[in-house]
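> Since the structure of chain Y is already known, use the hints to place chain E on it.
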Amino acid sequence: MNSEPAIRTKDLRKSFGETRAVDGIDLTVGSGTVYGVLGPNGAGKTTTIRMLATLVRPDGGTAEVFGHDVVKQARTVRQLVSLTGQFASVDEGLTGHQNLVLLARLTGYSRSAARRRAASLLAAFDLADAADRTARTYSGGMRRRLDIAASILSAPRLIFLDEPTTGLDPRSRNQVWDTIRAVVARGTTVLLTTQYLEEADQLADRIAVIDHGRLIAEGTPAELKSSVGDRAVHVRLADPTQRTRAEQVLTQVLGVSVRPATDPATLSSGAADPALAGQALTALTAAGVTVATFALGQPSLDEVFLTLTGHPAGERSGSEELVP
Amino acid sequence: MSTASATTMTATPPETGLDAVLLAPERPRPPHALTATLVLSWRAAIRVKNEAVEQLFDILMMPVVFLLIFSYLFGGAFAGSVDNYLQFFLPGVLVMAAVMQTLATGHTVSLDIANGVFDRFRTMPFWQPASLIGTMITDLGRYLVTLVLTAALGLALGFRPDAGPAGMALAILLILAFSFAFAWIFTTVGLLTRSPNTIQAQSMLLMTVVFCSNIFVDSRTMPVVIRTIVDANPISHLATAVRGLVHGTVTTGQLGLVALSIGLLLAVFGPLTMVLYRRRGNG
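Note that the protein sequences, when read in sequence, are chains Y and E. In terms of our numbering, the first sequence opens at residue 799 and continues consecutively. In terms of our numbering, the second sequence opens at residue 145 and continues consecutively.
The shape of chain Y in the complex, shown without the other chains:
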């Protein structure tokens, strides 16, 4: 309904000393959508989010949130957004209930409205039983849920989630995903960062891939995957010494590049025709290579990067992940 974008940045820049954390990023995020920012550690994801959330002042370029400049109209922007940082932004010394009441009061709710809001959120996020325990005793998944509950407490129009599922077990991760979907279904715009292609694929309407502070690809998950190919063969060998042999066989059968992974017993192909995968497995066996696992799946973030940039997504000794 609303054609005004939730976020619009132009040539956004931020350096920390010599490091160009964000080096000229243009983004447009539609209202009511989920936008995924995908990139390795140190790519500039966190810095971008912190600039949009008014925590960090850009060095150059402009950024607008619902048409309001994040520097000149920071106060207005703060009324519209909510940030869930990479490290849980809940107060560990307070109970779940106290955390939410605190934030509701600081948003401007009266004491009784704050309590009501805290109670309905704790119920909605399956935390009612843990309401009166200090957040210190919460599991990683519970903490994240409390964190997201805290983020939507003020009914923001836009929420930023910085790596919402990093470090969570699969079950908690699915719960967080469901929560994000439920929040979006009610009209909130979400910008999330992630290191996992699968997460961006599951949740995001559009994805931006950033590396070294620059935007290297942008589009819907389908566009992105078709540009890198969405079927890759991942093989794990029983005997690492057979890897060179396996590499030769796979390259020959699949007709695409095959790379050894960091793990000495595994290797992955680039995008391959799924029909050839079966032949590849037969050929490997025929060549006397003992295969421990053989999988056909999405390319990893590493492969996306290799395809898009020609270099692996190496961890840069960037300043981004340090707590500023």
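Hints were generated in silico from the structure; no laboratory data involved. Possibly wrong hints are sitting among the right ones.
List time: in silico EDC-like cross-link candidates among lysine to aspartate or glutamate, alpha-carbon distance up to 20 Å [stated by the list, open to error]: (1) Y:K1023 x Y:D999; (2) E:K193 x Y:D930; (3) E:K193 x Y:E890; (4) Y:K870 x Y:D857; (5) Y:K808 x Y:D857; (6) Y:K808 x Y:E1016.
Okay, now just chain E, sitting in the frame of chain Y:
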């Protein structure tokens, strides 16, 4: 999840809970500065309460030890008798007890700010100094406990305030006001030095400043150079005014000097702390 019970508030199914929060997008107006400060002071109080025993030990150790050592070991030599010295020293030890606590306030604030929840606070539309002032107001409660208990020990040992309970109460209020202002020095320092390892050095430095005052002995006994320094120390002004209040001899000039220090400290270190606090996310 029954069919017709959507209107009842009590049996709210999870999905409805989310609806109740998200589909009523009536945003309240940002809280008043005072409300935000009190709410954040409540937060700090919960944290203090959670470790009440450690806190009590922390705030009482130094004043009690100093009061006993200086009165009983040095009192006779300094002032002819323990009792004489106690009349002079107790107001001073009260000043020292509160001023040394301001260091802990700065430390608490700087550790607290590293907590992720402060990132959230900074993106919320309330009056930002409340995040720091809330903690500092709660710490006034800690100073008050220190002062009252130290004063009680002093009275038990034989301290007799000539101006009675009213003088004591006014003296304590003056110390609280000064300490609140003085604490901004250490919030500034706490934001500048991110490493908690400097706390030892800061503590030594503050101790030196405290010793270079008239808390322990009258500056008239000191060499001229030292005496000039000691007489210029705002902590000396506070100790003098506090002695005046408890013994009923205070002058307007003495109180004026303390008021001036309070004003200057707030005017310089208050804004400085806030600028650093704002900038912290930029590092």
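> Each hint needs a verdict: does it hold in this structure or not?
Outcome of the hint check:
1. A threshold of 20 Å between alpha carbons decides the hint, and for K1023 of chain Y with D999 of chain Y the separation of about 9 Å falls inside it, so the pair holds.
2. A distance of roughly 15 Å separates the Cα atoms of K193 of chain E and D930 of chain Y; the hinted pair therefore holds under the 20 Å criterion.
3. Proximity of K193 of chain E to E890 of chain Y is assessed by CA-CA distance (about 14 Å); at most 20 Å being required, the pair is judged to hold.
4. The suggested pairing of K870 of chain Y with D857 of chain Y holds, with an alpha-carbon distance near 14 Å, which does not exceed 20 Å.
5. Proposed proximity of K808 of chain Y and D857 of chain Y is supported: the alpha carbons are some 12 Å apart, at most 20 Å.
6. The straight-line distance between the Cα atoms of K808 of chain Y and E1016 of chain Y is roughly 15 Å, inside the 20 Å bound, and the hint therefore holds.
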